[in-house]
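> One-letter residues, chain by chain:
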Amino acid sequence: MPEYYNITIEDTGESYRCVDYRSVLVGMEALGKKGIPVGCRSGGCGVCKVQVVEGTYSKRVMSRAHVSEEEEASGCALSCRITPTSDMRIRVLGKMKKNVCRPASMTGTPPIFTN
Amino acid sequence: MAMTGILRPGHAQIRVLDLEESVKWYTDVLGLVPMGRDSQGRAYFKARQERDHNSIILRQADRAGMDFFGYKVLDQAALDGLEKKIRDYGIQTERIPAGDLMETGERVRFKVPTGHTTELYVDKKPAGNAVGTENPNVDVIDGPGIGPVRLDHCLIYGKDIDGNHDFYTKVLGFHLVERVKMEDGTTDLAIWLSCSAKAHDIAMVRHSEDDKLHHVAFQVTSWEQVLRSADILSNNRASIDVGPTRHGITNGTTVYFFDPSGNRLETFSGGYDHYPDMEPTTWTWDEVGAGIFYHPRKLNEAFLTVVT
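Taken in sequence, the protein lines are chains Y and D.
No gaps in the numbering here: position 101 of the first sequence is 108 in the numbering used here, and each next residue is one more.
No gaps in the numbering here: position 92 of the second sequence is 94 in the numbering used here, and each next residue is one more.
These are calculated hints, taken from the structure and not from any lab test.
Please note that the accuracy of each hint is not assured.
What the hints assert, rightly or not - Each computed DMTMM-like pair below joins lysine to aspartate or glutamate, with the alpha-carbon atoms no more than 25 Å apart:
(1) K41(Y) - E303(D)
(2) K214(D) - E96(D)
(3) K214(D) - E78(Y)
Stated by the list, open to error - One side of the interface only, derived from the structure: several residues of chain Y facing chain D at Cβ under 7 Å:
(4) V68
(5) A80
(6) C83
These numbers come from a predicted model, not from an experiment.
Glycine included, C-beta positions come from ideal geometry on N, C-alpha and C.
With the rest of the complex left out, here is chain Y:
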């Protein structure tokens, strides 16, 4: 039988029930909840990065471009790569690289997708 755990996103107060075979991120999406940015869902892009404040979880390999060993050891993770083994409280660290869409003449530099 699957186990269910309660996930709370501290930033928004949103909480949802996550089944133990789903990642914290996909568990949120599956119930139409929001709060963590959704990207590749596969540990590569980094936008769903969270800090685990409370609770236990199992994890899979995630990109070192987005989570260093030190961060991982201190409870930081990509939420698409962790599955709950208890109720959890998390804080959102990741964000979309905002599409600022400014013309080059206004910014002095052409890049428009800035962090």
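Following the hints, complete the assembly by docking chain D onto the known chain Y.
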């Protein structure tokens, strides 16, 4: 114009976080043909109708993304000529010896202005497609997995796409097919380039970081095969990004999804033919939503900004 220089995209080396998981997924879900491994542990694949030995190389790494993208060139004289033109343009080249990639000849490697490592080569050992070249059967695609026809194109992200545009058109002989203008009406946000009669062989988007991958695309033969791709992806609980839908740009039908390491891939069908005498198509900033995804006609932030 006959094709006398660069013929087509030939190979892409993709970084994966878990090689064994990825080999299984690229074989069973994407449906590429496994072609072996080399002494560095890299895993090689081809699409079922490709004749050359490999087109996708997977390398285990601690982060996702693309190591390099390579184009096949007609013959040695064309390769030597292109190498000279690249050096004369002011870009350094190096030669990677034959055999560094399995069943692949010497490669000329260089970095384009957006920092992407790019290669040209002539030889890759013929390995045969699914049906052969004498009195062939039609290839009835029955799995495993999606089983795309071929590696089709890639979309890269970086700062100096104007520099890439100049280099790709003046030195490598590509043509501008479509472009998206930014809000100022002048600056290119994105460009689509072809070295063939395809609607695109590579595309690039202006972005604050260099050497980023947006997606690698594979051709399938019809809109129904795009829908079938999405069904197979969902059956296997793969991470689908957008689609199935249609692009305004190129008119191609599409589904975007992620490999097990978060690299975005696409199966793509259709797209018009492009010839070098054709005037490029331009999309203005206000209508670019429909250029990217024709039915919703609006920008999709995750699609535009999530890269590896």
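> Taking the hints in turn, state whether each one holds.
Against the structure, the hints come out as follows:
1. K41(Y) - E303(D): Measuring from Cα to Cα gives roughly 15 Å; hence the hint holds.
2. K214(D) - E96(D): Answer holds: K214(D) to E96(D) is near 22 Å, not above 25 Å.
3. K214(D) - E78(Y): With a Cα-Cα distance of about 23 Å, the restraint between K214(D) and E78(Y) holds, given a limit of 25 Å.
4. V68: Holds - the Cβ of V68(Y) comes within 7 Å of chain D, reaching about 5 Å at its closest.
5. A80: This interface hint is violated because 15 Å lies over the 7 Å limit.
6. C83: 16 Å, violated
The structure fails hints 5, 6 (numbered hints given earlier, in ascending order).
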